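Got two chains here, each in a separate frame; can you build the complex from them with the hints?
So you can see what is in the structure, the chains are spelled out below.
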Amino acid sequence: MAATATTPGAPTSRLGKAATEFDDRLIVAGPVRRTLNKVFPDHWSFLLGEIALYAFLIALLSGTYLTFFFDASMVEVEYEGEYDPLRGTEMSAAYASALDLSFDVRGGLFMRQMHHWAALLFVAAIVVHLVRIFFTGAFRRPRESNWLIGVVMLVLSLLMGVTGYTLPDDLLSGTGLRIISAILLSIPVIGTWAHFAVFNGDFVGTEIIGRFYIAHVLIFPAILLALIAVHLLILVKQKHTQFPGPGRTEHNVVGNRLFPTFAGKATGLLLVVFGVIAGLAGLVQINPIWLWGPYNPAQVSAASQPDWYIGFLDGSTRIFPAWDINLPGDYTIPALFWPTVVVAGAMFTVLALYPMIERKLTGDTASHHLLQRPRDVPVRTSLGMMALTFYFWLMVAGGNDVIADKFDISLNAMTWVGRIGVIVLPPIVYVITYRICLGLQQHDREVLEHGIETGIIRRLPSGEFIEVHQPLGPVDEHGHGQLAYGGAPVPKKMNQVGGARRAIRGFFTPIEQPSAVELEQQGEGRGLSAAEGSRELTSSGRPSDGGRPSDGGRPQDTRD
Amino acid sequence: MSTRDSHPGSTGGADTPGPLHGGPDEDYTPEQLAAMSREELDILGARYDGVEILHVDPGPEPGSRLEKRAVRQVGWTFAAAGLSAFLFLVVYAGSGWFLPEWNWAREGTTWSAMFNPLLGLFMGLSLTLAGVGLVLYTKKLLPHETAVQDKHDGSHFDRVTTGATLVGGLHNSGLARRKLITRSLGFMGAGVGLMLIAPLGGLIKNPNTGNPLGRTNWAEGVRLVRDDGSPIRPGDQEPGSLETVFPAVAGGNLQPDAATMLIRLRPEQLAADRPKPGQEDYGYGDYVAYSKICTHAGCPVSLYEQETSRILCPCHQSQFDVTQGAKPVFGPATRSLPQLPITVDDEGYFVARSDYPEATGPTYWNRERI
Numbered sequence: 001m002a003a004t005a006t007t008p009g010a011p012t013s014r015l016g017k018a019a020t021e022f023d024d025r026l027i028v029a030g031p032v033r034r035t036l037n038k039v040f041p042d043h044w045s046f047l048l049g050e051i052a053l054y055a056f057l058i059a060l061l062s063g064t065y066l067t068f069f070f071d072a073s074m075v076e077v078e079y080e081g082e083y084d085p086l087r088g089t090e091m092s093a094a095y096a097s098a099l100d101l102s103f104d105v106r107g108g109l110f111m112r113q114m115h116h117w118a119a120l121l122f123v124a125a126i127v128v129h130l131v132r133i134f135f136t137g138a139f140r141r142p143r144e145s146n147w148l149i150g151v152v153m154l155v156l157s158l159l160m161g162v163t164g165y166t167l168p169d170d171l172l173s174g175t176g177l178r179i180i181s182a183i184l185l186s187i188p189v190i191g192t193w194a195h196f197a198v199f200n201g202d203f204v205g206t207e208i209i210g211r212f213y214i215a216h217v218l219i220f221p222a223i224l225l226a227l228i229a230v231h232l233l234i235l236v237k238q239k240h241t242q243f244p245g246p247g248r249t250e251h252n253v254v255g256n257r258l259f260p261t262f263a264g265k266a267t268g269l270l271l272v273v274f275g276v277i278a279g280l281a282g283l284v285q286i287n288p289i290w291l292w293g294p295y296n297p298a299q300v301s302a303a304s305q306p307d308w309y310i311g312f313l314d315g316s317t318r319i320f321p322a323w324d325i326n327l328p329g330d331y332t333i334p335a336l337f338w339p340t341v342v343v344a345g346a347m348f349t350v351l352a353l354y355p356m357i358e359r360k361l362t363g364d365t366a367s368h369h370l371l372q373r374p375r376d377v378p379v380r381t382s383l384g385m386m387a388l389t390f391y392f393w394l395m396v397a398g399g400n401d402v403i404a405d406k407f408d409i410s411l412n413a414m415t416w417v418g419r420i421g422v423i424v425l426p427p428i429v430y431v432i433t434y435r436i437c438l439g440l441q442q443h444d445r446e447v448l449e450h451g452i453e454t455g456i457i458r459r460l461p462s463g464e465f466i467e468v469h470q471p472l473g474p475v476d477e478h479g480h481g482q483l484a485y486g487g488a489p490v491p492k493k494m495n496q497v498g499g500a501r502r503a504i505r506g507f508f509t510p511i512e513q514p515s516a517v518e519l520e521q522q523g524e525g526r527g528l529s530a531a532e533g534s535r536e537l538t539s540s541g542r543p544s545d546g547g548r549p550s551d552g553g554r555p556q557d558t559r560d
Numbered sequence: 001m002s003t004r005d006s007h008p009g010s011t012g013g014a015d016t017p018g019p020l021h022g023g024p025d026e027d028y029t030p031e032q033l034a035a036m037s038r039e040e041l042d043i044l045g046a047r048y049d050g051v052e053i054l055h056v057d058p059g060p061e062p063g064s065r066l067e068k069r070a071v072r073q074v075g076w077t078f079a080a081a082g083l084s085a086f087l088f089l090v091v092y093a094g095s096g097w098f099l100p101e102w103n104w105a106r107e108g109t110t111w112s113a114m115f116n117p118l119l120g121l122f123m124g125l126s127l128t129l130a131g132v133g134l135v136l137y138t139k140k141l142l143p144h145e146t147a148v149q150d151k152h153d154g155s156h157f158d159r160v161t162t163g164a165t166l167v168g169g170l171h172n173s174g175l176a177r178r179k180l181i182t183r184s185l186g187f188m189g190a191g192v193g194l195m196l197i198a199p200l201g202g203l204i205k206n207p208n209t210g211n212p213l214g215r216t217n218w219a220e221g222v223r224l225v226r227d228d229g230s231p232i233r234p235g236d237q238e239p240g241s242l243e244t245v246f247p248a249v250a251g252g253n254l255q256p257d258a259a260t261m262l263i264r265l266r267p268e269q270l271a272a273d274r275p276k277p278g279q280e281d282y283g284y285g286d287y288v289a290y291s292k293i294c295t296h297a298g299c300p301v302s303l304y305e306q307e308t309s310r311i312l313c314p315c316h317q318s319q320f321d322v323t324q325g326a327k328p329v330f331g332p333a334t335r336s337l338p339q340l341p342i343t344v345d346d347e348g349y350f351v352a353r354s355d356y357p358e359a360t361g362p363t364y365w366n367r368e369r370i
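Note that the protein sequences, when read in sequence, are chains A and B. Those letters in the first sequence? Residues 1 to 560, by our numbering. Those letters in the second sequence? Residues 1 to 370, by our numbering.
Honestly, I wouldn't trust all of these hints.
[Claimed, not checked] Calculated cross-link-like contacts (lysine-lysine; reagent style BS3-like; alpha-carbon spacing at most 27 Å):
#: 1; chain 1: B; residue 1: K151; chain 2: A; residue 2: K239
#: 2; chain 1: B; residue 1: K139; chain 2: A; residue 2: K493
#: 3; chain 1: B; residue 1: K327; chain 2: B; residue 2: K276
No wet-lab data here; the hints were simulated from the structure. Quick caveat, the model's predicted, so the values are computed rather than measured.
Same shape as in the complex, but just chain B (with noise of 0.2 Å):
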């Protein structure tokens, strides 16, 4: 929308209709603008901030039976989001006062069990309504109009004098010629971010030292235990069956990586048993032990269907066979889980022979050289 005013800017584009904030205050007087009426000077604002109201719908006629009818739908669309939020309170805050106690129990639990769906109910048929009765008010009462806003590009004005205040400003310092000051300036941006960022350095840790990634609890002599801490022997399991168990050290049951599966064959997969080269004797008779860590992502390898001899990782879907030490046969698994050599101690009980022979769990870059 053009402005009367023909400062340079306006006529390229600027959004800005002139110098004075707010309107032209020269070319309309307070006497002129105080005789004109609400939709005029509503027009009027409009225009200077260039949009042009093209066509409006009045609303409803007041009065009619249209009105009447869109006034009555809103009306009990809010007075309904009212009441619904009402209700929200007497079910938050009555619970344990005048109603029921809303607490999980295990008996009784009809109220505490209606607690959350009817805070959820009244609070979102609350908002909901809420919001339908203001779409509907706009909708059904306010008048529609078209209005119409002038996009501006960008003002070659502005352009060249904003890029003749900084090439002046930067002419001014010199910077151009003083090569000393732009270097060391780029040496100290150089030094201050570095050692700003420097901190951080914290959080590094090397992950080779102490090879914690290569190594578990498992060591010669520790005692397999179940996750309740007792000891097992070789009687103790059916064959075909699979027991997880864990290192007899403080905590070993939480070792994110020396979970282990016990694991007695049935004796056709014995005679079907073809463990990896060098690892023949890492079983004890009808028993082997296999790490219970994905060598994939890490997901506990949980499923065992005795009948193929597959274990099966339920993240990712790898799947290993025991009787080909555990071998992955399918899905996206590259690794055999690798065997703890097992044997039973003085009184019985099965210990670690030492140690996996390889890093247990997900591979990573130099895993093969730890």
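Just chain A, with the same shape it has in the complex (with noise of 0.2 Å):
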């Protein structure tokens, strides 16, 4: 239906006309209004996939500021750039258009440590974001593809940082770089040839530096935008998941509209997230590749370590003991092959498929769009916790002659706290996890059965000391509570329940009436019913009482 100006409601303002010609080309008035009519829920912890999603973006951006001045050849060069102390030396010219780009590229400097500290932000918050998924059991049907797709994407951030640190070519880079040959060498039968297809021959070669470039610039970002694509059209698709509370159910979503309120937060968080990696990028230095050198096979520097997200691999193969094993015909499989293939393989293998174990373990196939808190979950939080034990001990054994330097501790006793905790720990973690969660979840019932611990302390006629409990809502004739637990965060402070009032705004005076509030409070109701917040608060919340303190759940000798 052409618009014309004799139609009731046509727009009069030069903008909505030009909205309604828009429209009438794209017809995208529909999809427009079910986008911005499109409802998240409101967590923080909802916030942490935006992050990485927002690293991502920025590492997108300043890496391909990188590119314009980056030269990934390992033809051998003499510097001759503003760095005094490396001119005149002998290095690739990656090496040499690294350096320039930090000291002859005005900000260059500062675009790439801004790539970097995108990238390590990057990779921390996927992590972080697949630890909230796990804890909440966000992964469950009808979600096990996005959780698979997350998991392929972290492995891809891996590969992307793994290609990216090495090509600047520095000492540093080039000793990562050699492990990296060897652990493909590991491998057993295909280990030469595959060495061979990627470095094409021996190490180190000339190749190396230029694959690794189109891999880290091209390839892995190519498929990590499509799965990033994919990722969130099912996201959208299936809508967020949610925590249990009030009204919230399997099918509906409780929150806000994505426009303005939930466009407004993301936009912050973004600029935020924007923010911290500019300040860090300009702040704190990251990789001083100035300070390594340049690459040679025969110098080492102490205590190399790769990029955080590598170190628990790094960790596994200083703890793994010295098993090759060899085989009949002279052949060998090498002792590195199962610190860095398999234990890599393993991990991501079991992460990706955990859904599909569970299920087969709980036998739970129904749809769920609910979130569990985890102390509800208590098995899956117990081996949730050990698996990070494990990774995280992993981690810290990566580190362990550089704990050994600054405690000065035995080296060889640090790599045997390695191997002795990487065993021990996880299976504490466990139990101690799942006590915990029992812990939690008991006490969730206590409040619920016997009410809020008030701290008042009530004499009794008999003389007996009771303390008052303030029950969260209706009781029965033994003054326990009747509520059933929902899933959902149990309040435990009198304040939480409206036991005090809110602070009255201002700093210097205040700036609202103090009766309006008091008027606003009653109206409103939190948590409890409007009508609640009147009652005395030292009565069990029954009129009938007339203010006599309920027994917190004790028998009572006298009526009710």
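Here it is as structure tokens:
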């Protein structure tokens, strides 16, 4: 229907007319309205994935800038740039251009450090996001596909990191490359073939920086971008999960509409993430390649460590025993194969398959859109903590030389601490986590049954002292709460149920009328029903008590 | 949310409310819509998208002190963000113009040391403040609404009808009956697929031809030289010292597998020296030469503690004992460092007697066979 000037309600403003013209051609008003109206649940932990997305965007933009100056070539050149201590040194063109980028390009060092920090934050945000998804059960049906895509993106981001920090071809990255080469060689049967395919010959050759470069700037980012698009499309299609709470069911989403609230907050978060990375890029030095010097196969610096996200593999390699397996026919499976290829492969396989494993073990095949509190699923929570302990301990082992040095501990003792800890600690953490979960569950149930401890001690006519409890809802004849646990946080302090007035706003002088605030609060009724607020708090909540305290669930000798 | 039309599928929960894109224009004439207020239209549109606005906390009252304070906070935050952005521009563009040069320099480095931190400070501050301002705006000045959106399961109607279309098309193609086509399609698919990935074969190189993995540039009569190319005489090193040496060939000091440690043993070390069987004569006097490339992951083993005769690899902490044929004594390495047989030539300089008897560097599948 073409809009004419005579149609009632036709736009009269210039902007409105332009919008009509636009919609006449593209017919987007419907989809745009649906998008603007989309409801997003509000919880801080739902922003972790967004942080990963924004960090990726920043890495993409800063990385594109770096490509204007970087030369991924292993041709030997003599450094002639601004940085005096290295002038005249023989080095690869890649390292020379990375130095030029840092010293001869205005703001180039800032961009390089921004790229590095964004990459570190990207992986960190993915890991924290994954941990959130895991512990709240957000991976359950129907979201297994998005879990799987997420794990693949995590692996890709690690590959991005490894190929990225290899590019400058400094002494540290060259040492890392040498270890990558050894890991490739260690694969049984096809190891030497794989190495020759990747490096185009024996270590180090002249091709590898160029090949890593194209993988780092084109192949991996393209796959990542495609997966991010699918990840987000599935998220939009399936809608976001939410924590249980008032009015929240498996069939709805309670929260804010995209426009303007959610869009405002998300854009704000993007800017803050960008700002934090920019601040780090300028103020906190990262990977000062000019201090490492050019790569030389005969040189290494002490405490050579990869970026944090590869630390766990470095640790597993350090603590794995010297177990070569010699097969008949003079074939060998090198010890290096197990802590690198096998450990990493097993960890990511188990991670990727976890939703299927849990479904098999629990028999829970239903769709879930409401999240679980970690305490309510003690086995999963304990398994997760166990896995995190394993991972964290490997990471600690990856820095065992630094720990040994700084704390003056024997290096060999640190290696043994790593070996024993990685076997002993995870089960201990499992048991402790399990007990903590059960304890938290019990406390929730106790508060629901007996009410919140008010801290008020009463003396009964009989001389007995009791603590007054505030029930959270209706109680039965014994004074026991009748509310069932709904998977949502249970208030445990009087202030959380409106026990105290909220503070009057204003820094130097109040900018609100105290009476207005009181009126507003009575009308609101947070947590409890509105009328609850006007009741005497020392009562059990039953008007029939006439202010007499309930016995917190103890059998009572009198009526009721 | 229910819509008033009763088309099949809409009750089954499809997100699209009706056949008309953007809402049922039949139900609401332009006149009706024109009579509605903006708020009513907003709520109506939301309803068609399955969204119910349950509750709206209006923002602070216009003109109230609460609002004025919030406006002040947001406004000043944005202003500070803008100021930081301009300061960034001043530092970025002004360095070398009306500010000192930003370039790295050995002398007078105050401003060049400040340049990068200032860029980070101002850009970080600017963007963070902009984000904080936006969040403050959303939290303090916008109305807070609580909205509920319905979540729909898949529609049975959609499944059945889509299935019918798909199966119908497949049926009409007759592929189930025409076995020849199915088989030739499969054959073709396999062939075309393999053909398309075949060019990757260009990456494959045979690692077993020419044996580059098992060989280095060391050979009979090749001198041991330092990084700067100078040869070494037996008198050049103190007992207990270590020198990294390279084969005296072009580019020998950049050969990834050829780096060698020339170690002069102290007398007590020499007395305790137990070389590998068959390699007792590989040393020369109190000198022994071992490969510097770790047999574990290929890092240069660099840290020599002469009191304990141990060489430590800084990458994964493998430790080798030079008095026991560089046998690994701790850590993840499993093989001894290969020993280079050395002697002295006519001019009195160290030379190799041959290449290493085994492959240097990390272990791999068929290393023993090379």
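Could you grab the alpha-carbon distance between K151 of chain B and K239 of chain A and see if it respects the 27 Å cut-off?
-> Given that 27 Å is the threshold and the Cα spacing comes to 7 Å, the pair holds.
For the pair we were handed, K139 of chain B and K493 of chain A, check the Cα-Cα distance against 27 Å.
-> Given that 27 Å is the threshold and the Cα spacing comes to 25 Å, the pair holds.
Are the Cα atoms of K327 of chain B and K276 of chain B separated by 27 Å or less?
-> holds (9 Å)
Of the hints listed earlier, there is not a single one the structure fails to meet.
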